[in-house]
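Chains as they are written, first to last, in the working numbering: chain H, 1 to 548; chain Z, 549 to 802.
Warning: the hint list may mix true and false statements.
Listed next, the in silico DSS-like pairs over lysine-lysine satisfying Cα-Cα at most 30 Å (straight line) [unchecked claim]:
id : chain 1 : residue 1 : chain 2 : residue 2
1  : H       : Lys120    : H       : Lys450
2  : Z       : Lys791    : Z       : Lys754
3  : H       : Lys376    : Z       : Lys791
4  : Z       : Lys774    : H       : Lys36
5  : H       : Lys450    : H       : Lys13
6  : Z       : Lys780    : H       : Lys31
7  : H       : Lys43     : Z       : Lys754
I should point out that these hints are in silico values taken from the structure, not numbers from a laboratory.
Next come the chains, spelled out residue by residue.
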Amino acid sequence: MTVIEGYPDYMLKSIKLCEDKREKNMARPVKPMSMKAREEMLKKYHPDYMEGTKRELKVGKDKGMLLYNGIVDLLESRTVIDSKDIDLSKIDYDVDLLIIGGGGAGTVAALFAYESGVPKDRILIVTKLRHGDANSMMAQGGIQAADRQEDSPSLHYLDIYGGGHFTNKPELARALALDAPGIINWHEQLGVMYDRHEDGEFQELSGGGTCRNRMHSCKDYSGMEMMRNIRDQARNLEIPVLEFCPVAELIMDDKGQIAGGVAFNLETFEYYVIRAKATILATGGSGRLHLANYPTTNHYGATGDGLIMAYHAGANLLDLDTIQIHPTGDAYPEPLVGILSTEKIRGLGAIPLNNNGDPFVFPLEPRDVESAALIKECKEDRGIVTPTGMPGVWLDTPMIEIIHGEGTIEAKLAGEVRKFKRFGIDMAKQPILVYPTLHYQNGGVEINEKTETILPGLFAAGEVTGGVHGKNRLMGNSLLDFNVFGRRAGIYAAKYIKKAKIGKLTLNHLDKFNKMLEQANIKPKKSAPIILPEYRGEMAISRALDIF
Amino acid sequence: MTKEGQVLIEKPKESKAKNVGEKTETVEVFIMGKSYKVPAGLTIMKALEYAGYRYIRGCGCRAGFCGACSTIYRKEDEQKLGFDLACQKVVEDNMYLVQLPFVPASKAEYDIDKIVPKDSTIMGIYPEIARCVSCNTCTKSCPQDIEVMKYIQRAVRGDISKCAEISFDCIQCGLCAMRCPADIKHYHVSQLARRLRGKYLDTKSKNLASRLKEIENRKYDSEIEKLIKMDKNEIMDLYKNRKIEAEEEGEGGD
Ligand SMILES: Cc1cc2nc3c(=O)[nH]c(=O)nc-3n(C[C@H](O)[C@H](O)[C@H](O)COP(=O)(O)OP(=O)(O)OC[C@H]3O[C@@H](n4cnc5c(N)ncnc54)[C@H](O)[C@@H]3O)c2cc1C
Ligand code: SF4
Ligand code: SF4
Ligand code: FES
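Chain H on its own, in the form it takes in the complex (with noise of 0.2 Å):
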């Protein structure tokens, strides 16, 4: 049998280093750098700046843009649906409100509608998975909000727009920033229990990028906690969900308006047809396009789908020429590779530090920094090559214990205490290897301050929106994305529903968007969205029959 228990004895004599040095690496932390530092960094270790990543798009309403490749691939394949199996004479469920994606986003968007007015009966979540399996569940740091006396809304606009190296929607930035607070407190309304100082404050950290420290937390379980929360409060309210059914396309109308979405069951592969007088779509990531071939943190379910259903439909799209590799997914042991560690773990004072046990960087650049920072040190030989061939640096875990007191690990990391010890690594006493990965999507479809898109009825909140974070965004700054913009795609489309009058419904974008894939001469060996990732072994692959 096989049980790996800690690191091996090469990995142990650099950790020997590490513990050598740590009072000498404590005292004379590395400072950050200067712009004009960060941006050479980028340009030779980020992969946003390497050749062979990207690509132009050449169909559809953004043609001639510039992609990530895994991206453009989907963009450039067959609408999964074809739009003469479907029978929209025959409506399966017909509501006001049509929200894709159980997440944080849709859930929030839920609650807001029913607070304004649509009947619980009107609305209709539907999801891929169970509903809140989805990146929100997973977030572990927090969530910035500008509470403090010492901190302002203008000061965290300030981050979230430099953050974005100045790309992002300003308003988009603005809402964010301001709305935040009244998030928080709507957050206490429900439940949500906040690390909290004796006399009530929240306990805030800083986070990369951020200038002042903002970052509300609830221990290294922050999505879950939150999730829970708006999960159980949608139960209560009885709000309608179905679950295992995403959706594959969005509908149309003669009027050219979004109309609501075929959804398909995975179990029964049934379909359903969806109207809908306004739809939201909240279904988030896409990791799991593994972008550039990383791995990646996200859940199961990131596989962009939203992007390639709205992009089908006429919507565009922004920033897709950036992603966001996160500095500290784990590199060792093997099956934990890809799974993030909280930058929480920087932000309570750990250090990264290279073979010789030597700091290299400030812990707390930008995300997109600091990740170049810690490749660039792998690239040049001064990491450490697990034996399945990953690299890594170390992070200097028992610092915490140094810095805050024994037993804060325990206290305040309990979900990476818990993941590390089942490999028999106590990261209280021992540093954790990590290695960027494929963490969030910086970009994607267009919304205004109302989570409008550019097509009637179409509504969108979370990470499948672009513009609120530019091209890179800050710790933190998503998980309130999804609760200002869950909750304004919410209140908006409830508006909107009272006005809305729903035409003939229609599949037509699909066959135009099939046509001008053959007009630019593609030859789609695909068909996309993908739905699920595929992690079958390649040799049970090779070997499955289609005869059942």
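Fit chain Z with the ligands to the supplied structure of chain H, relying on the hints for placement.
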């Protein structure tokens, strides 16, 4: 290594396992009784996929956060049943396993705004917790190592805060509820406790309250408007020269 200097290990290759372990390269597992040989060192989830299963149910976050992948296993010649998460637990030789993608467990419906948190509140909504026979089976089944019995007993005693605190790391996988001889739905009980604590029992932030007032009075509107209108070079300078709190303190706040 690919051109990105990356290793994509979502799909394991047979050869990869050999350095990790001590002796064996492959292990034999029995998926619902049927034998498959899979590389050692894989999680149960990746082992099933390696064998050719494609998940629909039983797989959510793939990282120990969602509780979708509850698994029961027994190793050949062992008395004890094991309980764990397929995405976290590494396969062992001669492991018989089955996943439980769904645990039927009714949740009480309540209006959190109308509940008054008292000693009897939880018992009133989930009266079955009184039937706990202290067998500790729930605790032994919990993949999160939570003291499940203890939090149920705190709930019985009306200690909402403690029930909330002990249960905080619950990922709602349902393994405890599956096994409880008293048919208690532990994870629904503790969800209620946590909401009650977060909403009613924890002291609230004064800073937040005053910031909300300021925002309501539009204190920041013109300031942000100015930033939005500012020319690019000016705002870049402002950003570059802003003071960073964490740097001054030399640590991550707190
Ligand atoms: C491991 C991890 C840690 C993170 N940590 C933090 C953090 O500390 N702070 C922070 O601010 N952010 C963090 N993030 C980012 C943040 O959690 C997400 O960006 C955010 O929660 C996204 O919310 P969402 O509602 O847009 O998407 P999701 O929560 O992912 O919800 C989308 C839902 O739509 C479903 N879906 C997808 N396709 C379809 C379809 N075709 N039909 C129907 N349903 C579909 C999905 O299955 C899912 O349930 C983290 C992310 C991850 C993965
Ligand atoms: S308490 Fe129960 S539902 Fe929660 S994690 Fe433990 S076994 Fe799973
Ligand atoms: S399994 Fe049920 S009866 Fe046994 S200790 Fe837990 S709650 Fe009590
Ligand atoms: S898949 Fe979410 S806990 Fe295992």
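How the hints compare with the structure:
no.	hint	result
1	Lys120/H with Lys450/H	holds, 22 Å
2	Lys791/Z with Lys754/Z	holds, 25 Å
3	Lys376/H with Lys791/Z	holds, 27 Å
4	Lys774/Z with Lys36/H	holds, 26 Å
5	Lys450/H with Lys13/H	violated, 56 Å
6	Lys780/Z with Lys31/H	holds, 26 Å
7	Lys43/H with Lys754/Z	violated, 44 Å
Of the numbered hints given earlier, the model fails hints 5, 7; all others are met.
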